[in-house]
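A.B. asks: Line by line, the protein sequences give chains Z and D.
Counting in the numbering used here, the first sequence runs from 1 upward without gaps.
Counting in the numbering used here, the second sequence runs from 1 upward without gaps.
Simulated from the structure, these hints should not be mistaken for laboratory data.
All residues carry an ideal CB built from backbone N, CA and C; glycine is no exception.
Incorrect hints may appear among the rest.
The calculated BS3-like cross-link candidates involving lysine-lysine, where the alpha carbons are at most 25 Å apart (straight line), are [what the hints assert, rightly or not]:
1) K80/D to K53/Z
2) K65/D to K80/D
3) K53/Z to K116/Z
4) K80/D to K303/Z
5) K53/Z to K65/D
Here are the simulated distance ranges between beta carbons [stated by the list, open to error]:
6) G192/Z to V45/D: 53 to 63 Å
7) E85/Z to V45/D: 48 to 58 Å
8) A117/Z to A81/D: 40 to 50 Å
9) V45/D to P292/Z: 40 to 50 Å
10) E231/Z to R12/D: 55 to 65 Å
11) S200/Z to K65/D: 56 to 66 Å
12) K53/Z to E2/D: 20 to 30 Å
13) G192/Z to E82/D: 23 to 33 Å
14) E72/D to G192/Z: 44 to 54 Å
15) G114/Z to E20/D: 40 to 50 Å
16) G192/Z to E4/D: 42 to 52 Å
17) E82/D to G190/Z: 16 to 26 Å
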Amino acid sequence: MRRRVAITGVGAVTPLGVGGEALVERWSAGECGIEDGAGRCREFDPLDFLSRKEARRCDRFTQMAIAAAEEAVAQAGWSEELPYEGARIGCVVGTGIGGLGSLEVQQRGLIERGRKAVSPLAVPLMMGNAAAAALAMRHELRGHVYGVVSACAAGAHALGDASRIIRAGDADAVLAGGAEAAITGLAEAGFGAMGATSPSGVSRPFDARRDGFVIGEGAGVLVLEEAEAAERRGAEILGEVLGYGATCDAFHLTAPQPTGGEAARAIGLALADAGLGRDDVDYVNAHGTSTPLNDRSETEALKLALGERAAAVPVSSTKSAIGHLLGAAGAVEAIATVGALRRRVAPPTVGWEEREEGLDLDYVPGQARPLEPRNGDGPLVAVSDSFGFGGHNAVLCLAA
Amino acid sequence: MEIEVTPENVEREIFEGLVELGTEREALSHEATLESLDVDSLDLVELAQIVEDEFGVELRGDDVKDVRTVGEVIELVVAKAE
Chain Z
1 MRRRVAITGV GAVTPLGVGG EALVERWSAG ECGIEDGAGR CREFDPLDFL
51 SRKEARRCDR FTQMAIAAAE EAVAQAGWSE ELPYEGARIG CVVGTGIGGL
101 GSLEVQQRGL IERGRKAVSP LAVPLMMGNA AAAALAMRHE LRGHVYGVVS
151 ACAAGAHALG DASRIIRAGD ADAVLAGGAE AAITGLAEAG FGAMGATSPS
201 GVSRPFDARR DGFVIGEGAG VLVLEEAEAA ERRGAEILGE VLGYGATCDA
251 FHLTAPQPTG GEAARAIGLA LADAGLGRDD VDYVNAHGTS TPLNDRSETE
301 ALKLALGERA AAVPVSSTKS AIGHLLGAAG AVEAIATVGA LRRRVAPPTV
351 GWEEREEGLD LDYVPGQARP LEPRNGDGPL VAVSDSFGFG GHNAVLCLAA
Chain D
1 MEIEVTPENV EREIFEGLVE LGTEREALSH EATLESLDVD SLDLVELAQI
51 VEDEFGVELR GDDVKDVRTV GEVIELVVAK AE
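Throw the hints in and build the complete structure from the sequences for me.
C.D. replies: Next comes the structure, spelled out in structure tokens:
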């Protein structure tokens, strides 16, 4: 029988606060953490988790990953002692850009004061694998450890890869997630220049008035364990990663394929990987960026992948509450999805009011809606979409 | 403006530099070993950059590779300036 992948701990730092609970609770209540056109983690203080020395050796994206991992590991009951040999535990953390804030500071030093102004920390601060490396050092994880870089699909790719590593038998557990701290001058200007970000500063996925994404920051980390081993040690199983599908549009550097064909194929692959069909899907956590292009092509993809079921399934976007966390999005949204399934609710697409022709799915306007269990006390099943510039599509099938 | 290299000035700047790098001020003394302060090779490169900025004294990797205590760092800077 195939090895199953259990989720035994989650941790998040998001614009809705520090903690996975704050994210799910406040999003379900219809709150939004976006202020002044950005989703900043205002409540996050790195010194709550790190010494001054540790903090200055980490870019903000790594700092947030460390905080999220701290929470996830504690929830899994790993704080005192690892339940498996370090060599049997991996760590895969996605990011869109890595330590961009650090890069900008060092680059300024280089231009203004020359090579000697560049810190020996410049490279380790900005490298995209910094968060994975920092978590491995902190928790003594010595298995598969690396970063994933696939723009806004990175967090989902990280979780998908991690679950594959466990299923393949290469690890008994993997700390997996995503982290991003790119609310910086260069990223804001770059996304703005390509017309991807919202001039109005409002994230309203699937709404006719949507005008781009709102940049956010944060991190999400999950403890994934081989399910039988987790059960043997008496861990609380929060949910399961049932399936994973990954495809690429190979169509355009930034624009999604308008038909949603490859995104739909990723959804289908994730369901097939889970051994499920379209009628088994109880909830869809959309990529839902609030860009005109994504929300239309994603709607097409869901219709292609789910057929008639698409109209009956609640589809909502976490980005309506926290903005777009780029490489952290997939991981944070997986945490939000599992939390929503456990609460048996579909949280709302906050602020959705105006329907656009063709965007005719149930986007859960207004407030959270109860999810009706179709199989008694059995788990509910969700699909969580993540798509990234470069045409990357990574879809997770989750249950709780 | 570079600061004049005196043992007092160098001590002040090295202590301040180490605190900036994350060392607790109370732990600092001439006798304290770099190892006990958790000062590693990356910290030493940063410290060398501070020394060069403040005093115009260039420390190379070879210069600091055998240095064990904070006092020895201070002595090294003073000696290099002479």
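A.B. asks: For this structure, which hints from the list above don't hold up?
C.D. replies: 1, 4, 6, 7, 8, 13, 15, 17
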